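S.K.: Given the sequences, and given the hints that come with them, work out the whole structure.
Protein chains in written order, with the working numbering: chain G, 1 to 499; chain U, 1001 to 1414.
Because the hints were derived from the structure by calculation, they are not lab data.
Since we're looking at a predicted model, the values are computed, not measured.
Careful: at least some of the hints might be erroneous.
Claimed, not checked - A few chain U residues that face chain G, going by a derived Cβ cut-off under 10 angstroms, partial list only:
#	residue
1	V1172
2	T1265
3	G1267
Said to hold, decoys possible - Heads up, simulated BS3-like pairs for lysine-lysine below, C-alpha to C-alpha not over 25 angstroms straight-line:
#	chain 1	residue 1	chain 2	residue 2
4	G	K224	G	K249
5	G	K321	G	K306
6	G	K366	U	K1181
7	U	K1223	G	K341
8	U	K1271	G	K419
9	U	K1374	G	K341
10	G	K306	G	K258
What the hints assert, rightly or not - Every beta carbon over 12 angstroms from chain U, so not counted as near; a handful from chain G, in silico:
#	residue
11	T24
12	Q58
13	A135
14	N207
15	V217
16	D272
17	V324
18	G343
19	S359
For each residue, glycine too, the CB sits at the ideal point set by N, CA and C.
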Amino acid sequence: MKLELRNITKRFGTLTANDNISLTLEPGEIHSLLGENGAGKSTLMNVLYGLLQPDEGQILINDQPVKFNGPGDAMAAGIGMVHQHFMLIPVFTVAENVVLGNEPTSKIGSLDLDKARELVKEISDRFGFEIDPDAKIQDLPVGAQQRVEIIKSLARNAKVLVLDEPTAVLTPQETDELMEIMRGLAKSGTSIIFITHKLREVQQVSNRITVIRQGKVVAAPSPKSSASELASLMVGREVDLNVTRKPAKIGAETLVIKNLTVLDDRQHQMVDGISFTVHDGEVLAIAGVQGNGQTELAEAILGLRKIHSGSIEVAGRDLTKSTVREVLEAGLGYIPEDRKKDGLVGDFTIAENLMLDGSFGAPFAKGYQIDFAARDRIADELIEEFDIRTPSATTLAKQLSGGNQQKVVVARELSRELKVLVASQPTRGVDVGSIEFIHEQIIAARDAGKTVVIISTELDEVLALADRIAVMYRGKIVGIVDSKTTREKLGKMMAGIAA
Amino acid sequence: MSTKKVKLETPFQEDKAISVLREIMAGDPVRIALSVLLGFFIGAIFMVVFNEDVVSSWSEFGVDPNYALSTVWWTIQDGYGALFTGSVFNLEAGSFIEGIRPLTETLRFAAPLIMAGLGVALTFRVGLFNIGATGQIMMGLAGATFISTRVHLPIIIHMLVAVLAAVLCAMVWGVIVGILKSRTGAHEVIVTIMLNYVATSFFTYLLREPNLLLEANGGGTPKSDNPDDTAKLGALLGPEFNLHFGLIFAVLAVFAYWWLMERSTFGFRFKMVGHNASAARAAGIKVENTFVWALAISAAFAGLAAANQGLSVDGGLTTSIEAGIGFDAITVALLGGSRAGGVVMAGLLFGAFKAGSATMQVAGVSPEVLGVVKALIVLFIAAPPIIRAFYRLPKPSIKVIESAQKAKAAKVVK
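M.R.: This is how it looks when you write it as structure tokens:
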């Protein structure tokens, strides 16, 4: 099946999310759609999937114009989508999930699960997915769940598969397996639209690449292009992907964590007796696939989450039972993984957000009154220093782009009297320009002798920043290795295989 | 067009119910003004449709269309004219003092509405839907009545002590809500509704007991003694007017509220919790304690309203002295967009309704029209889409500064 998107334009108010975008997909082709967050990739795919109607342009299948009024139409036309967040019911089996909404029935109208099992088994065998039709979704690893999503589409005879950031939740090994599966599917005639911002993956599997920037197609580079060429196209200027940094000057032990155990809200043990020490002037990166206890670890360090057992010490001071405010006042800076939820108040101005944790005293407060002059002066200084691109300090935080929002958080945390910086996913959902800047700031903090802990699921980020790398798996630290460790080895550790 | 609901990639996507509630409680001034306008417009339709002259003149519309149309006009003018005469200025009065009396009446009615409205507004800003002002006023009344009828103190001191008692008793009632919410997670809406019943019954009980608040030689009716003259809020403009010192408390309350919410660090933290409790927690704020503080201070404002009511009457008190203020306070807070200035305006409007309803009745227009207007205004504020549809306003959208270049250009221009 040949798919063509012709001159698609989609506007939201004054914002043109897709500006005259054209894209063709030949049968059996893997076509990568490369672009930063907010470039318009998801909008384009929502148009293709019938979730949005284009303002201009049309969709053609085998050169015939088609109109999709909803995902049902798109599915019927042979288009399947695997979303970043899986649309699976955890307590149902694979077979039940696959046929959900399209159930085979026996003569008397009851659900024919045997037929569903056969279907799953047939597809799974054909492409080497190794999926048991009777396994419950909740018992499967993330990579396998993703394959179930693919089977779901294939079971409905999808000829075109859209994979939306499929590797965000995978270990490096699972990513490699997915690449293998994609090649296999392509060989059998299924074409794939692969949406990503990870350059390495694009280079590995693409037959064709389209780069989108600010809603426009800016280039169709050859799949043999180098990573830095692709990055420059994506960002629109030269990009230095390597963070230059001096060797670490290791100082005193500042953050000492001993036998820390933390439970989540459902009383599951998410952090399981881990211990590590981080020194002044050093970056320890905590790598691992999402959901292996990193979030709970960060929350425990900040004092947001109760510590079940073990201890946390900063510069010799025991903070195990301290409140968030005490931890902050002890000199901990915290960049949360979800800035919109934990890092910013969207309806507050930038100036107000910059004093979010500073309302208890100088320099932002005089007695019980806010010192507005000081607040505005500090805001202007930080906007300048941290290159926050905004019309003014009175702009609301929610009006900023992701990168600039994150810079507000980084500026606030780094401008305080700091001993330790804990940064969780510091560049998630941030444009490449801001990533460079934030990385530089983190390295600058380390060079100034601060103790830095980075929690990241992005191996690229871990390797760019870390002096030492601790890999977390199921609440435990698999091992702490130096920054020259190979990707392959780190990948194995992320899957729980000790070094 | 597709009818499917689509999640667009906008930042700060919230649960729809929460964002609508926030839109309601934040109150955009333009939308509120339009709601008031539309409320009056529909109120006018009511007046016209239920007026006998209009009905009879329209049955002869074919004979005399001018007359039919002019009766409509005159009915509306009579109705809202009477409201003006009763609440702002009486143009037909013999003297200036007589003429201005309606305005002072509006101020007198507005003062407790403003004070209680500020209390409710404060909790709205913290993200709590507190409808407990009625109960807090009842408790405040109990405190004020006890001091004003059972304790005897010198002039002024007696009044101040009675006011303080009202404030403290109300605060106790507010703190209970706060503690129940923060310690057990109970929802403040349910807790406050139930505590309203408890407080009303409790005050009635006190009024029934001879040893507690029942008037001397009282019978079966729950009614207190006449408060001591020393405890009463004195007349503000001399004996010609009913206006009393309660207005001064209201003015002080407005300034206190403004300073608290717009200038102080407490207000900053209150608003932070109201907008994003999760971020507030990560910024070192104890969200649960903030709820308790907010409800306590909120109740203090309700306590002032209670003092205003309990210390300004001639004759003994019954529970009817509450006069629906606790409930109107919610409306005033909504209408005022939870801002100090807005609450003042809303309180004045509702005060004017109370002051003007008598003259409307005299003019032959049912004052219940004002009840309809009042209810409709709140309805329109509570359902933003209605107002947007009526005036064809655009949906509120989040303007995202998309490209760095654009933002930088703006920066350079600045």
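S.K.: Going through the earlier hints one by one, which of them does the structure break, listed in rising order?
M.R.: When the structure is compared with the hints, numbers 1, 4, 6, 7, 8, 9, 17, 18, 19 turn out to be violated.
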